[in-house]
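Both chains are given apart, each in its own frame, so use the hints to dock them into the complex.
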Amino acid sequence: MKNLINTFLLALLIGVTVTAQSGYKVGDTAADFTLKGVDGNMHSLADMKDAKGFVVTFTCNHCPYAIMYEDRLVALQNEFGPKGYQVIAINPNDPEVKPDDSFDNMIIRAEEKKFNFPYLIDEGQKLYPIFGATKTPHVFLLDSKLEVKYIGAIDDNARNADEVEDRYLANAINALEAGKNPDPSMTKAIGCSIKTK
Amino acid sequence: MKQFFLVYIFMFFGGLCFGQVTVYEKFDDMESAIMTDLSPDTTYVINFWATWCGPCVKELPYFEELNALYVDQAFKQILVSLDDPKKLESKVIPFLTKNKIQSKVVLLADGKANSWIDKVDPKWSGAIPITLILKGDERKFYEQEFHSTFELEEQMLLLFNK
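Line by line, the protein sequences are chains V and C. Position 86 of the first sequence, counting from 1, maps to 86 under this note's numbering, and the rest follow consecutively. Position 127 of the second sequence, counting from 1, maps to 127 under this note's numbering, and the rest follow consecutively.
You can take every hint at face value.
Calculated pairs, DSSO-like style, for lysine-lysine (alpha carbon to alpha carbon, straight line, at most 27 Å): (1) C:Lys112 - V:Lys149; (2) C:Lys112 - V:Lys25; (3) V:Lys25 - V:Lys149; (4) C:Lys100 - C:Lys87; (5) V:Lys180 - C:Lys112; (6) C:Lys26 - C:Lys91; (7) C:Lys76 - C:Lys119; (8) V:Lys98 - C:Lys86; (9) C:Lys91 - V:Lys98.
Partial pick of chain V residues on the chain C-facing surface, computed with a CB cut under 8 Å: (10) Pro64; (11) Lys135; (12) Ala153; (13) Asp156; (14) Ala158; (15) Thr187; (16) Lys188; (17) Ala189.
Some residues of chain V that are not near chain C, with every Cβ distance over 10 Å (derived): (18) Glu79; (19) Gly84; (20) Lys149; (21) Glu177.
It is worth saying that the hints were derived from the structure and are not from the lab. Since the model is a prediction, treat every value here as computed from it, not as a measurement. Positions of the beta carbon are idealized from the N, C-alpha and C atoms, including for glycine.
Pulled out of the complex, with its shape left as it was, chain C reads as follows (with noise of 0.2 Å):
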């Protein structure tokens, strides 16, 4: 069932599948297959990081922990890697696994940053990480590092709560 799901992705996307993570080539991919058509009663939490990235990484436990709290609930979280997809291999998936990530990653390999970074969010300067809350037409764009999974979660809420 995981090998037919994988395959949907990949046929529909144009994602590529390497164990957990799904490559995208270009953002429209992307876009098209993780933030469009979201379900109207869902909160979806969205952060753009990369390993390389010490914020990003420092981070991270806090959107683990996020998501562990609300999995079985109206809730979807997908940590979008911009690492270097030469690196996917040797780099990223060593992290995920050593770091047992349990949230959805995806990794954007699109190096035409310009010309996708304002369809993320026109405020956005183009420094990581960032964090996107969405939930049906409501939205959130976060330039800047949560410092605890509290005040994260205390974002997410506010629009969960809707």
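So that you can see chain V by itself, here it is in the shape it has in the complex (with noise of 0.2 Å):
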């Protein structure tokens, strides 16, 4: 008996490790997806044409360390945005798990906080897995053409934006700009978990 409990451990915790590694790598190309923001309206990749980059974060309204970083994503929607590169955020927790994380309380947030990027829900959570995204906050830069050029953190402090020594996703943004690969390509940060039944 207990080495069938062991054995079923086991699996669960293999199952668990595969998927931590599933997603995106540096070098992927992502797919295109379609959901929907707290304007009402439905919005995808392809709907912004124009556009050199995408800054897909996946983000949410109860995390500490995602709300210490909403100033700084409106921020560099400000910085980046006239340059061509458009930040995405979307929520990918089940609200039911976590009811600050419903699509009425992304609307009063986004309000509250006068974000300028769409900021979208995850319905039904299929999105997530697939970018592999395991926390919030946790960024996917994505070039022109979808490839994933960039993983991780905003940059190097959360907790204090005015000690932050290294701004990882900005450098890696202003890499595309010059034609370069970002350098890192990969950085962690401390997060929530994402939240699923």
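See the structure below:
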């Protein structure tokens, strides 16, 4: 019996590990998607024909680490929007598990924080596993051909924007703009696990 | 004696103590204090959590129960809080008191997470909770939430019984 349970737990663990390793890697080409935004419209990457790149950011309302980056995402859109790079925020959490992350609360939050980018809901939680997002916030920078160029953190200091030394994401966008590959192309940060049933 | 011990920790490892919680400004200081020179016969359970993390708070009772079950044996448990150090006295310590947390708790204040996440485990994405179970050269890493004391104990025993 005990062996059976161990085997089961091991299988479960392998399952978890495999899930964690799936998703896009730098160099992969992302598939386009269509999700509902807080403006009530459906949004696809293909709608933004002139974009030179997309900052696909899995984020949410409730997570303290996501909240720390709200103002910085608005600032990034202000800085890089005019250059042709579009921030797209996607909430991957199940609102039944985390009512703070419901679509209605997304509308309220987007208004409060004056989001200047689409804030979309991953209804049915189908998109985040395709990307391989594991937490909020979790950023995927795509170029105009939807090739994944950078995955990870926005910068190196979540708690204090004034003490940031490395603007990983901004540097990665600047690299794209200069026709180069971002270095580093992957970083890590603390975040909230994506909430599922 | 306890005072002496706290001063000792502070002097040698650069951690700062508030109540029962030692604060480490740098990951390397915490690593040398609690994750190196481990006793080869002891099983260590190290859980990374925060008071703001729902799944972390939910699984804490299982860790507390495990600690109570094995506290007199070759077992040591450390809960590493990733809370904002500014909220240590207003939030973390009241939380520990209210929930009567008996496990050892430290707070890691190092905000440069990209520099230390891979040192905890290269497989770690950065989401919490995570749990490390260590004994001698053996090491197990779980980026997941445990759902019962039994589930956690079962994993701990894989190394404890070796």
